[in-house]
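**Student:** Going line by line, the protein sequences match chains A, B, C and D.
Going by the numbering used here, the first residue of the first sequence is number 1, and it counts up by one from there.
Going by the numbering used here, the first residue of the second sequence is number 1001, and it counts up by one from there.
Going by the numbering used here, the first residue of the third sequence is number 2001, and it counts up by one from there.
Going by the numbering used here, the first residue of the fourth sequence is number 3001, and it counts up by one from there.
Keep in mind that the hints were calculated from the coordinates and are not lab data.
Just so you know, not all the hints are guaranteed correct.
[What the hints assert, rightly or not] The list that follows gives simulated cross-link-like pairs (lysine to aspartate or glutamate, DMTMM-like), each with its CA atoms no further than 25 Å apart:
| no. | chain 1 | residue 1 | chain 2 | residue 2 |
| --- | --- | --- | --- | --- |
| 1 | A | Lys43 | D | Glu3264 |
| 2 | C | Lys2256 | D | Asp3020 |
| 3 | C | Lys2320 | D | Glu3037 |
| 4 | B | Lys1106 | A | Glu233 |
There are 4 protein chains.
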Amino acid sequence: MMSAQGRHFLHIPGPSPIPDRILRAIGMPIIDHRSAEFARLGKEVLEGCKTIFKTSRPVVIYPSSGTGAWEAAIVNTLSPGDTVLMAETGHFATLWKQIADRFGIKVDFIPGDWRRGADPAAIEARLAEDRGHAIKAVMVVHNETSTGSTSRIAAIRQAIDAAGHPALFMVDTISSLASVDYRHDEWGVDVTVSGSQKGLMLPPGLSFNAISEKAMAASKANTLPRSYWDWQEMVKINANGFFPYTPATNLLYGLKEAIAMLHEEGLDRVFARHQRLAAACRAAVAAWGLDVLCQNEAEHSPVLTAVLMPPSHDADAYRKITLEKYNISLGSGLGKVAGKVFRIGHLGECNELMLLGALSGVEMGLAAAGVPHRSGGVAAAMQHFEAADAGNAPVAAVA
Amino acid sequence: MMSAQGRHFLHIPGPSPIPDRILRAIGMPIIDHRSAEFARLGKEVLEGCKTIFKTSRPVVIYPSSGTGAWEAAIVNTLSPGDTVLMAETGHFATLWKQIADRFGIKVDFIPGDWRRGADPAAIEARLAEDRGHAIKAVMVVHNETSTGSTSRIAAIRQAIDAAGHPALFMVDTISSLASVDYRHDEWGVDVTVSGSQKGLMLPPGLSFNAISEKAMAASKANTLPRSYWDWQEMVKINANGFFPYTPATNLLYGLKEAIAMLHEEGLDRVFARHQRLAAACRAAVAAWGLDVLCQNEAEHSPVLTAVLMPPSHDADAYRKITLEKYNISLGSGLGKVAGKVFRIGHLGECNELMLLGALSGVEMGLAAAGVPHRSGGVAAAMQHFEAADAGNAPVAAVA
Amino acid sequence: MMSAQGRHFLHIPGPSPIPDRILRAIGMPIIDHRSAEFARLGKEVLEGCKTIFKTSRPVVIYPSSGTGAWEAAIVNTLSPGDTVLMAETGHFATLWKQIADRFGIKVDFIPGDWRRGADPAAIEARLAEDRGHAIKAVMVVHNETSTGSTSRIAAIRQAIDAAGHPALFMVDTISSLASVDYRHDEWGVDVTVSGSQKGLMLPPGLSFNAISEKAMAASKANTLPRSYWDWQEMVKINANGFFPYTPATNLLYGLKEAIAMLHEEGLDRVFARHQRLAAACRAAVAAWGLDVLCQNEAEHSPVLTAVLMPPSHDADAYRKITLEKYNISLGSGLGKVAGKVFRIGHLGECNELMLLGALSGVEMGLAAAGVPHRSGGVAAAMQHFEAADAGNAPVAAVA
Amino acid sequence: MMSAQGRHFLHIPGPSPIPDRILRAIGMPIIDHRSAEFARLGKEVLEGCKTIFKTSRPVVIYPSSGTGAWEAAIVNTLSPGDTVLMAETGHFATLWKQIADRFGIKVDFIPGDWRRGADPAAIEARLAEDRGHAIKAVMVVHNETSTGSTSRIAAIRQAIDAAGHPALFMVDTISSLASVDYRHDEWGVDVTVSGSQKGLMLPPGLSFNAISEKAMAASKANTLPRSYWDWQEMVKINANGFFPYTPATNLLYGLKEAIAMLHEEGLDRVFARHQRLAAACRAAVAAWGLDVLCQNEAEHSPVLTAVLMPPSHDADAYRKITLEKYNISLGSGLGKVAGKVFRIGHLGECNELMLLGALSGVEMGLAAAGVPHRSGGVAAAMQHFEAADAGNAPVAAVA
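So that you can see chain A by itself, here it is in the shape it has in the complex (with noise of 0.2 Å):
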């Protein structure tokens, strides 16, 4: 049995591993959350954010877990009652359903099989037909992280417009911000929700949501009990860097130089090599001869892939054995498809060599499992590597 020394491969999903400039930047002493020092802090990072999600509205941020961002897109803009259309995208927009439904929302919950994003023709179709406009949001999550499917936002964009229709537009970028190219105030979204753990790098515990005029608007009007969520008070305080309620400070040192790393690498630099890793992941399961989940080219998620098991294989028992033999942590199947697929996760903090040695531990894990497969999809993955530094490489687009 070989030991569980040396570096551990984090490479589920996210959280992501937490670069050692980021661990070191959160371990600083904290200082007075209403003094002048922490209002640069404030100021700085909340400007900071705007660049992350394109934006020149205000983005809030919350101590929470990215599950309190997507209560608080709910809680600030719908009421008991209104109706909303959403995209069974998978796991995750079914969790972001459920809590629509908690807060009496009704949700016309467009189905789907969990191998591609939300069909922008169907929402489209949707839309048409809600003459009466009572559908009051569109909400779809961006990159949906339990299938490795990334739904076309400017697209859905489009739709929207094409169907003359006014809903609001809400976006769960969770795992796709500062991973894949995102654009708030272009692609016309009202809410966007998302989370510290993945693209940005950090630990869990802080979320966000970008809030466009007419969301804010909307914010304004409803009237739905709300007070750790609401964005009112909390836009009014940020305008002087400060918060209406303790801010987790720490965190905010480690957003601080995420951004600062996010923008020394270049944001386009940070969206392709997302790619880069993603297509070469794919590369190394098709090798293995093996099914990535996402069966939409267009919609191949950058930031993991989800790999299907042969039949009468247990992903999870797979996982088990990959960790104890080779010290790699992999994402397990969620909700319909546990047990039938294993996700690879390629976000933040990764690389080249990083994502090779994952994919190393991930093909002598099916060996050792017995799972039924061709070796070669590291070779494979190489090859990917050395094509796309040749240039030849093309690139989906997700946008």
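Knowing the structure of chain A, use the given hints to seat chains B, C and D on it.
**Tutor:** Just chains B, C and D, lined up with the frame of chain A:
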């Protein structure tokens, strides 16, 4: 002018200084939150929390500020139109009341002058009048961080019992837990609210609800919509060491370390230390010829001391000068006492010399700001410590 | 071009990657080096070192590079004009010889081709010829970091014994200690030289001399002037856990942690892991159709593998390309083999996936640099691990 | 009894407390010490050192304790039989002399009473007598850490010049550099010896020699065997940012940060801060009715204050009680003054409130240990700071 070199003296009443051991624990690489390794961590901190709250019942841990745990206590147990009894002990009691207001709760707010804790007799009287048992909950702040008064929770429990009233008893211990003696089970508290950044010596970002069987039953019956704060799913999934949404793993590393540190010192010694520091601080204030805001001897806070400025002197101007000259942060007056008091924190990681260094800064600052006072405060605090060491200093108990 | 994002793959043969646990230990606040608390630390690491060197005799710890411990071995035991026997195993043996030269020691330097360890038979022959016992010491490098050849220390001890020669036996284990099986007492070594930044997984800055009774006696008799490196005062003061001059306290924190980690894994498992990694690395080199510098099967290093470049290809140009494209550091050729070899480190904190990631970078780099080779090295290394896991991979022992 | 909770007050005269910024810098992952990235670091710290020593000539950096840099100064410039002139300022001057003794140097040791710095007049007299210029070097300790007396280096330079003597001038600044004004070039020093763990605020483990052209020439001519400490190869390889043997990379990270911090504050402000702290400390000692060991007003150390115990009171018993009761480390008396003095460090990361907290502990400890004294020391120190802030406190200059 003095420089800002060297260690900053952070003597606000929270966030309290984070010990190096805890900062290092928080800086560990993140792990898979669905792994067996995580489950061990989760179980350890969930069990450990019970020893700090002194309860055998579940304690839930939220990734949020303490404000979130206030909201959680409300939305799990109360519904719009319900009546609760609260006591105006200061700014934070007022804020908690505002949250209740936002959720449509009718608050009977016993007025207070911000210079003492909640009055058990007044509570008993109100409850005795409430023959129809319309009051669903009594909600009290244990340590009012804005005033430095500590309410006598055991006495309030007796008051509720004396009135024979079935109301839930909910107590905010955000700034008292792990600094001031507290006993969730023994004192018959139904919901204890707390946070990470005070006596637990952690960064902000975790909050807590300790939940009695009666509160849990109320929660099951309660129909107020809720999701993020819902106890039911949290407690169910906590049973296996996991959380219903991504936990703030790095803060949980710190929580594990904090609980270990508290037990290494011994909770009773922790409480005695805070009493000793607070008494020394009050001795200094008395020597300066200034007044402590809290006027009830039995209710002086062990975690902070709020000091009244002489008339026509602005506390914030004084704090600014003291910060610039002596590199020390003091707490500002909040709400009704803004500008009229400053607050000296002596909680969490604090010992005799840290406090004496801080009191030196306070005393020199008074001189620098031209605030009328007598010198000799630091000397008085030293005398208190010497007397305490010799066993001659009676320490007021708050219970 | 690829970016430098993500974790750097540091695969030079030392300094080896420093585990997070050790980095955190080093980051603790410093303490009084004359306190009882320090004495406990001092005693613990001094005793702990004995378990790593496998000796019951003193191990002294210098605040210095390993080079200092080389010098210490010489100045404590030898005098100008003394003769010693050394073996030219590579660059580091040559450097150690140069230090002896500088101190006026006559070195009989058995020539070598840098492709194997020291020859026990040659040593026996020289010693047998030295009937007058002019040779005061036999000095050998255990693991020649410049070539990847490991000398057989037990066999050399037998050679000395077979020659019936009283020379001191001094061994440099700078790059082998805590990675390769080593037994100071059992193998009759008189002075073992070592350093912190290889198998001990620490930063550079500590070096070691393990000292036999015979060496200690030689030191007492030796008149060569010395102070910093002098064993006598060091050992005397070490008895109480202290040091004759200010110790590198923070590195001692790390040393304590390193010793704990080695025993948690178990030294035999540590050694087996290094053997397994090295064998996999050689399997990769063979698959590439390249040659390992070391030509003696019984002497392949478990800590690094030196790879010969094909004629007319520059190793440093290759390393530069590989670093820029794939964010991996490989070791350069040193001295006689500069430009002709590159070295792959697999020591200290290293496991299967870390090595496979590194080998991926080596293989892609060979392609990028236009170095003639066959692909399939990573695949061969994976096969080696799978065979080892199945119990089918015989591992060469070096002893 | 008081607990050991909370921050330890480390007030020995070095190692001084390490700032969090520096601890975090040291905790960065290690890099290849032969890489271009390292060369940039190497050049930056080598150049940066020049700004701290105030020299345009090379400063070499050893991975060693300061003791090593003492030895380096000797073995590079002197040979057995050479005569040097030293002054017995205290324990550390005596230790440096012992090293010279061990290397066969004849030391003319001007006797001293450990209560003042080296006497420029006495040095001038000896040099004037030495018409044959037998004296090869004048060796003086700038700040005698054992006594708290600071020798006047500029005046000694004038004395050497007045005597028209060609001797090298070698100065130990281990405990003064970066705390006390020092000018290698301007004051015509030939070799400046220093260490990392005092004014540079680093852990122990780095030491320094700043080298004049004249000293470098002496080194070239000197035949005393040496290797580790040899300047020639060091300076040659330093030119490219590298080192002749593995450097203590993590400490160099810290050195880079320390130099940055010193320049952010400004060296003159750093020096003034130390003067201010030391004067306040002496004010406290005077108020206690105790005597400072140093008897020369012009030579009081800005980095530590040695305090004489009243007759028949043991300083170490006092220090033990103070440590146990108040969690503060004070320096012990060394050598001739063992048990007779205790030393208060106020160097490196130290500010007003840190010192006042420490002085509180000293004062309460005096009471607890039954040492005859007057109270009021802390108050006197506070008054000094207030006067200094008001511009009324004349500060003695040492030059």
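**Student:** With reference to the structure, classify each hint as holding or not holding.
**Tutor:** Hint-by-hint comparison with the structure:
| no. | hint | verdict |
| --- | --- | --- |
| 1 | A:Lys43 - D:Glu3264 | holds (23 Å) |
| 2 | C:Lys2256 - D:Asp3020 | holds (21 Å) |
| 3 | C:Lys2320 - D:Glu3037 | holds (12 Å) |
| 4 | B:Lys1106 - A:Glu233 | holds (22 Å) |
When the structure is compared with the earlier hints, no violation turns up for any of them.
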